[in-house]
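J.: As they're listed, the protein sequences go chains B and H.
Under this note's numbering, the first sequence has 280 at position 269, and the numbering climbs by one with no breaks.
Under this note's numbering, the second sequence has 96 at position 85, and the numbering climbs by one with no breaks.
I should point out that these hints are in silico values taken from the structure, not numbers from a laboratory.
Here the structure is a predicted model, which is why all the values come from computation and not from measurement.
Watch out, some of these pointers could steer you wrong.
Identical copies go unnamed one by one, so any copy, or any two together, can satisfy a pair.
[Stated by the list, open to error] Cut-off 25 Å, straight-line C-alpha distance, at most; resulting in silico cross-link-like pairs (DMTMM-like, lysine to aspartate or glutamate):
(1) K40 x D385
(2) K64 x D320
(3) K289 x D238
(4) K64 x E364
There are 2 protein chains.
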Amino acid sequence: MTVFTQIEGGGVTSALGFKAAGIHAGFRKEPERRDLALVVADEPCAAAGTFTKNIFCSAPVIISREHLSDGGTGAPSYGTARAVVVNSGIANAATGVPGLEHAREMARITADAVGCTDEEVLVASTGVIGQHLPLDPFKTGVPQALAEASREGGASAARAIMTTDTHPKEYAVSFSGDELGFDGVTFTVGGMSKGSGMIMPNMATMIAIVTTDAPIAAAHLSQILRDAVGVSFNKITVDSDTSTNDTCVTLASGAAAPGAAPIEPGTPAYRALAAAYKEVCTNLARMMAADGEGATRLVTVHVAGAATDADADAAARTIANSPLVKTAIYGHDANWGRIAAAAGRSGAAFRQEDVSIDIMGMPVCRGGLTVAFDEDEALRRFEAPEIAIDVNLGAGTCETTMWTCDFSHDYVTINGDYRT
Amino acid sequence: MTVFTQIEGGGVTSALGFKAAGIHAGFRKEPERRDLALVVADEPCAAAGTFTKNIFCSAPVIISREHLSDGGTGAPSYGTARAVVVNSGIANAATGVPGLEHAREMARITADAVGCTDEEVLVASTGVIGQHLPLDPFKTGVPQALAEASREGGASAARAIMTTDTHPKEYAVSFSGDELGFDGVTFTVGGMSKGSGMIMPNMATMIAIVTTDAPIAAAHLSQILRDAVGVSFNKITVDSDTSTNDTCVTLASGAAAPGAAPIEPGTPAYRALAAAYKEVCTNLARMMAADGEGATRLVTVHVAGAATDADADAAARTIANSPLVKTAIYGHDANWGRIAAAAGRSGAAFRQEDVSIDIMGMPVCRGGLTVAFDEDEALRRFEAPEIAIDVNLGAGTCETTMWTCDFSHDYVTINGDYRT
Chain B
12 MTVFTQIEGG
22 GVTSALGFKA
32 AGIHAGFRKE
42 PERRDLALVV
52 ADEPCAAAGT
62 FTKNIFCSAP
72 VIISREHLSD
82 GGTGAPSYGT
92 ARAVVVNSGI
102 ANAATGVPGL
112 EHAREMARIT
122 ADAVGCTDEE
132 VLVASTGVIG
142 QHLPLDPFKT
152 GVPQALAEAS
162 REGGASAARA
172 IMTTDTHPKE
182 YAVSFSGDEL
192 GFDGVTFTVG
202 GMSKGSGMIM
212 PNMATMIAIV
222 TTDAPIAAAH
232 LSQILRDAVG
242 VSFNKITVDS
252 DTSTNDTCVT
262 LASGAAAPGA
272 APIEPGTPAY
282 RALAAAYKEV
292 CTNLARMMAA
302 DGEGATRLVT
312 VHVAGAATDA
322 DADAAARTIA
332 NSPLVKTAIY
342 GHDANWGRIA
352 AAAGRSGAAF
362 RQEDVSIDIM
372 GMPVCRGGLT
382 VAFDEDEALR
392 RFEAPEIAID
402 VNLGAGTCET
412 TMWTCDFSHD
422 YVTINGDYRT
Chain H
12 MTVFTQIEGG
22 GVTSALGFKA
32 AGIHAGFRKE
42 PERRDLALVV
52 ADEPCAAAGT
62 FTKNIFCSAP
72 VIISREHLSD
82 GGTGAPSYGT
92 ARAVVVNSGI
102 ANAATGVPGL
112 EHAREMARIT
122 ADAVGCTDEE
132 VLVASTGVIG
142 QHLPLDPFKT
152 GVPQALAEAS
162 REGGASAARA
172 IMTTDTHPKE
182 YAVSFSGDEL
192 GFDGVTFTVG
202 GMSKGSGMIM
212 PNMATMIAIV
222 TTDAPIAAAH
232 LSQILRDAVG
242 VSFNKITVDS
252 DTSTNDTCVT
262 LASGAAAPGA
272 APIEPGTPAY
282 RALAAAYKEV
292 CTNLARMMAA
302 DGEGATRLVT
312 VHVAGAATDA
322 DADAAARTIA
332 NSPLVKTAIY
342 GHDANWGRIA
352 AAAGRSGAAF
362 RQEDVSIDIM
372 GMPVCRGGLT
382 VAFDEDEALR
392 RFEAPEIAID
402 VNLGAGTCET
412 TMWTCDFSHD
422 YVTINGDYRT
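Excised from the complex, chain B in its bound form:
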């Protein structure tokens, strides 16, 4: 079992070989708000990405997919990349043919500044949909961001991709290559993300950018990314909506072990790197759920005893998406009936008499029936920042964990009033 060391203040530039910056380029009116992030590698990197499956996907999603098409035009997407450029404020979604040209131009401007091919630039946008993306802020902003980019620039980049997020989200870990075939080498995986409504089609999106200095081929990096996304970003939900612009990309520089042979699947180093990606992505995902719009609590839904992985996911997802469950938690109500009813309509196979439910570690349902619990103790436990819901369906051995947040008056205020 590899030991991971969390890097204090670490993020997308913690791994060797990467620089970043976040600046105000002019997509937003407020001059104090950063709205352009640039992550640039010293050398071309192995790269991979996962993207929204929404039919109304944005232009930058289409272009980034094109640029990562070494594996063909479908998923998985991987290839080579040197830079990632992101703007916030305008999503460049529902913008038709001009939108595609703007996303291509965004890559071209960045490629010219960095000195790489257009295809080596990945692009992402987040913000209002249906508006055209101006190019002038890139023409002035990208050279400025490149000039400012540094190994300390991760924090400013993380800030530049924010929309309704209340704080930037960064996480990084390192681990030793000793006993993994890389004696004396320290590997790092770090990243940043944004997203608080899951989706905001209107100010769209979750975006995550993860970097590592481990040496690995793009096709294998793609597998590691997909496995990590499957247990992290794909397991969070704020309001059941998924975005037109969701984008998660990763770059691997290999700079921690220059000249070393790349990490191969099936090796201890691969397993350690895959676990590090899960660690980073899971922590970023939890931060996103906890920062859900209007959220006052992070909610962790753990479903065990499912007959299949799909059943575990269906039950956990239905519980995590239930407005009734989420408003109950907001109201500090250990209301297991709403949890049971959500599981019951999820499509997962089980019998009600086999179900156990704990809320915040307190048994509230056994054998499908109410268990008396101390209401005062429940109210005390509701003061914690994280609320655990544990459901055992009693139908098998599969399990999963999903993260969401509670549903507050502020969610309605934020989303009822956003555009006006």
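Assemble the complex: chain B is given as a structure, and chain H must be docked to it using the hints.
T.: Quick look at chain H alone, frame taken from chain B:
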């Protein structure tokens, strides 16, 4: 095309052969709140029902299904019934074996009072789950309700089944049997329903009871009911949750045409009766959506141009369930991006460049792109009690209509504070 006449103040006792009453029996603490409804037929009736598919279904759902098992143990459920008894305040869900016994006893007490078999009584409960149902209120309440039951009692029965509903829901129509093979006969279909969160597992449920005086066999009545439910109660959603207790039952007395041969499928009379059921159920369903918890607007989502019926339903349902769409309407924001993004993630097949969207009759999206509209005019139209969303996916000829409501601060208040 049969002409239907809406019966002013009509409801579950508009059809010949039915009496009803709603009284305070003691399930609720407040003496002024009616909490027991009884609908009783003069003679045994053809009967049919549809019930929740939630695994955590309540005891009365299980017992009513048993009592309507002439078609076998699965769906469809039909048979013979004489009375329907409903209590509000306690759902008798998640109550195990004792709960089943209480539901059976509820039927037995009613059967003894009415003078029929236990199997001829259908039962339904709505209210808090996980609590045991007391029997004493039935022992005193059912005889009292039977004594009070009258052809004018539909309104009090409709009031007795309410939980968070802000007003009772009743609807009835009549139509002439002339030219349908029943010269000089007037047929009536009427009903009542409750439900405003869709579901409230906690005070669970949608309940609908529809009666008719047309003569028809139970198996055919079952088909008519299922067809009507498919375009009405199954097309409304308040918060995507479905209940442990959802119940819709219907009784046909034949009293409008005593001694006549029953209406057979394929005849004009059958088509007219089926259309009358759709008319009554659709109007009850719209009332329920408009009375969604915290709702300020009824929202009608019409999806056309879908490749399949399933695609039309998926797109309409995803739009109608989207918290972002519903909060936008609450905020009077003609935000088509949220509608498009919901359709895009619904699983329905289409291309974004083929999509048209109108909100309140105003074109806001054509060919997947923004259409400029008059914001002041939009704000004026948002004053209407019903907001129409029309989406054409441009992918085929299938269509559907779904009803929901907007998502307000009051929804959070009602559901965050309910149990406390």
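J.: Could you place K64 and D320 in one of the four classes (within, between, both, neither) given a Cα distance threshold of 25 Å?
T.: both (21 Å within a copy, 22 Å between copies)
J.: Within a copy, between copies, both or neither: where do K40 and D385 come within 25 Å Cα-Cα?
T.: between (52 Å within a copy, 24 Å between copies)
J.: Reference check for the pair K64 and E364, CA-CA at most 25 Å: within, between, both, or neither?
T.: between (37 Å within a copy, 16 Å between copies)
J.: With identical chains, the pair K289 and D238 could be close in the same copy or across copies; at 25 Å between alpha carbons, which is it: within, between, both, or neither?
T.: within (8 Å within a copy, 48 Å between copies)
Checked against the numbered hints given earlier, the structure satisfies every one of them.
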